[in-house]
Amino acid sequence: MSLYVDIKKSLNGFKLDVSFEAGKYTTGLLGASGCGKSMTLKCIAGIEKPDSGLIMLNDKILFDSKKNINIPPQGRNTGYLFQNYALFPNMTTLQNISIGLSKHQRDKVVMEKIEKFGLSGLENRYPHQLSGGQQQRVALARILAKEPDILMLDEPFSALDSFLKWQLEQEVINVLDGYNGTTLFVSHSRDEVYRICSDVAIMSNGKIDTFGDKKQIFNKPTTVATAMLTGCKNISKAKKINETTIEATDWGISFVVKPHFDDVNFIGVRAHFLKIALQNEINSFEVEVMKIIESPFAITVMLTPKGKSIPIYWEVEKPYWELVKKTGMPKFLSAQPDKILLLK
Amino acid sequence: MDFTPLIISLKIAVVATVITFFLGIYAARLIMNMQSRWKWLVDGIFTLPLVLPPTVIGFFLLLILGKNGFIGKFLLNMNIRVIFSWQGAVIAAVVVSFPLMYRTTRGAFEQIDMNLVYAARTLGLSEFKIFWKIIMPLSLPSVGAGTILAFARAMGEFGATLMVAGNIPNKTQTISLLIYTAVAGGDMELAMRWVFVIVVISLSAIFAMNIWTQTQSKGGGV
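One line per chain: the protein sequences are W and R, in this order. When we follow the numbering used here, the leftmost residue of the first sequence carries the number 17, and every step to the right adds one. When we follow the numbering used here, the leftmost residue of the second sequence carries the number 4, and every step to the right adds one.
For reference, chain W alone in the conformation it holds in the complex (with noise of 0.2 Å):
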């Protein structure tokens, strides 16, 4: 592993308590905002002083409470790529690239990197003359300039439009793709995140909920917060009646699930997974429609259970929608056993 984090850090009430190891590729940190991601970053690169613990990066020491290393954020040639990408207002495309380096250095890498970045006729423009995807461009050139042993992203992307963002986010992923070395990308986006990374760590009120590979997290969440943060919109608490059925109590509803469960508190259904149903078939429930939510290509359906006050959202897409104007309001949702989440 290149990168090892073991670190707590309490602030204001706050308190971030973060483990985790990341090796050469990219690993995401997803969370709510206020979370502790941006602080954990801040934390490897040197701007923020954890409280104790251990940093590693490639079997160097960067922060080490218990030897009392805590080398200054200038020496640990880390690259952090800020949401508003900080450059330097009062300088050119030139000046931002070439100012973190040294003379010799200066005459190899800038135009190169001018030229790699598609930056070439902009040299002397200053940040407020640039789009924002030259902007992203011009801070990723000034960071990769100087081959850093570790890239983190914060938020890159959460300031900006839909499109752009995409545009950005294809950009980025392809000097990602070509970095070989340690990557960390913070988000709050699980599309984002699911895109980008290939391990992802979901991170809640200063702990690492869950960490491992995107694809298993996010088909299988086990965890409450996971769940939440990989999209579920449908989460209750819940009862073991027996080895095949769990109640889903703020619902009232009972469920046949896929068997040998243990130490399971609450239930997940993604909003996406509910199907119509009839009375009769398995884990079918009914409804009543209180609210629906329209969205450019999608329906979302607030339903209430029969009885029961807390909603359930049912998600479909608009053409599939069309047949269900036709064909009335749903009386009865149901939910296979296989894809009912089962949840710490």
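One or more hints might be untrue.
[Stated by the list, open to error] Okay, derived cross-link-like pairs now, DSBU-like style, lysine-lysine, Cα gap no bigger than 35 Å in a straight line: (1) W:181 <-> R:136; (2) R:132 <-> W:76; (3) W:119 <-> R:136; (4) R:42 <-> W:31; (5) W:291 <-> W:255; (6) W:65 <-> R:42; (7) R:132 <-> W:83; (8) W:132 <-> R:132; (9) W:83 <-> R:42.
[Said to hold, decoys possible] If we take Cβ atoms under 10 Å as the criterion, some of the chain W residues that face chain R in the derived model are: (10) 61; (11) 89; (12) 93; (13) 96; (14) 105; (15) 117; (16) 155; (17) 340.
These are computed hints drawn from the structure, not numbers from a lab. Values in this document were obtained by computation on a predicted structure and should not be read as measured data. Just so you know, even glycine gets a beta-carbon here, dropped at the ideal spot from N, CA and C.
Based on these hints, arrange chain R on the given structure of chain W.
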């Protein structure tokens, strides 16, 4: 018309402004990097001359610089007497103009996006380089405005100067002091002439400040 008071005023104000310029920037940087919980107190002391009556400042300066004051004694041993000299007037002007420079500069420093500083650090730039290549250039509009304000304040200083440097014609008598003396002596015409001079200088300072801020915000890529 004898221009000696104008020359004395300008000499004192220019020297004081140069000193205030560096002191103010240094103090702003000091406070910005300060982690101590006594930061508020140091900031309060730095700002105090802005709100204290000039006579009180003059009083303190006499205590410190007088022949029994701890700096005054030291200077006397080296055969330097600042009380009732133009250097004394410079010290008074520095003290009263310092908070203006300090506060404007500090305000500018604090408005700088900290991510720029963080980014610079991860790029390996030394703190010295970060300050002179990033923080200072980005703060230049405010630093310039602060300098002009400090100059105008030094130029118009009266109370503390009178107490520390006295009102000695051809030596420490600045325009402000001369106007006071002229009015006290009933020479309204002389007072009026110098009032005109000081109004012109002050207006020019404001004018210069506006032009400076405008050119800074237009060009320079900021």
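Going through the hints against the structure:
Restraint check for residue 181 of chain W and residue 136 of chain R: the C-alpha separation of about 32 Å stays at or below 35 Å, so the hint holds. Restraint check for residue 132 of chain R and residue 76 of chain W: satisfied, since their Cα atoms lie roughly 26 Å apart, inside the 35 Å limit. This hinted pair checks out: residue 119 of chain W and residue 136 of chain R have alpha carbons roughly 16 Å apart, not beyond 35 Å. For the given pair, residue 42 of chain R sits about 26 Å from residue 31 of chain W by alpha-carbon distance, which is consistent with the 35 Å threshold.
Only pairs whose Cα atoms come within 35 Å are accepted, and residue 291 of chain W paired with residue 255 of chain W is accepted, the gap being roughly 23 Å. About 21 Å separates the Cα atoms of residue 65 of chain W and residue 42 of chain R, which keeps this hinted pair within 35 Å; it holds. Among the hinted pairs, residue 132 of chain R with residue 83 of chain W is consistent with the structure: their alpha-carbon atoms are about 30 Å apart, no more than 35 Å. A C-alpha spacing of about 28 Å is found between residue 132 of chain W and residue 132 of chain R, which places the hinted pair at or below 35 Å, so the restraint holds.
For the hint pairing residue 83 of chain W with residue 42 of chain R, the CA-to-CA distance comes to about 31 Å; that is within 35 Å, so the pair holds. For residue 61 of chain W, the shortest C-beta to C-beta distance to chain R is roughly 5 Å, which falls under 10 Å, so the interface hint holds. Taken as an interface hint, residue 89 of chain W checks out: its beta carbon lies about 4 Å from the nearest beta carbon of chain R, inside 10 Å. Because the beta carbon of residue 93 of chain W sits about 8 Å from the nearest beta carbon in chain R, less than 10 Å, this interface hint is met.
Checking residue 96 of chain W against chain R by beta carbon gives a least distance of about 5 Å; that is within 10 Å, so the hint holds. Nearest Cβ of chain R to the Cβ of residue 105 of chain W: about 5 Å, under the 10 Å cut. The hint holds. At about 9 Å, the closest approach between the beta carbon of residue 117 of chain W and any beta carbon in chain R falls short of 10 Å, and the interface hint on this residue holds. Taking 10 Å as the C-beta cut-off, the interface hint given for residue 155 of chain W holds, the closest approach to chain R being about 8 Å.
For residue 340 of chain W, the shortest C-beta to C-beta distance to chain R is roughly 48 Å, which exceeds 10 Å, and the interface hint is violated.
Hint check: a violation occurs at hint 17 only; the rest are consistent with the structure.
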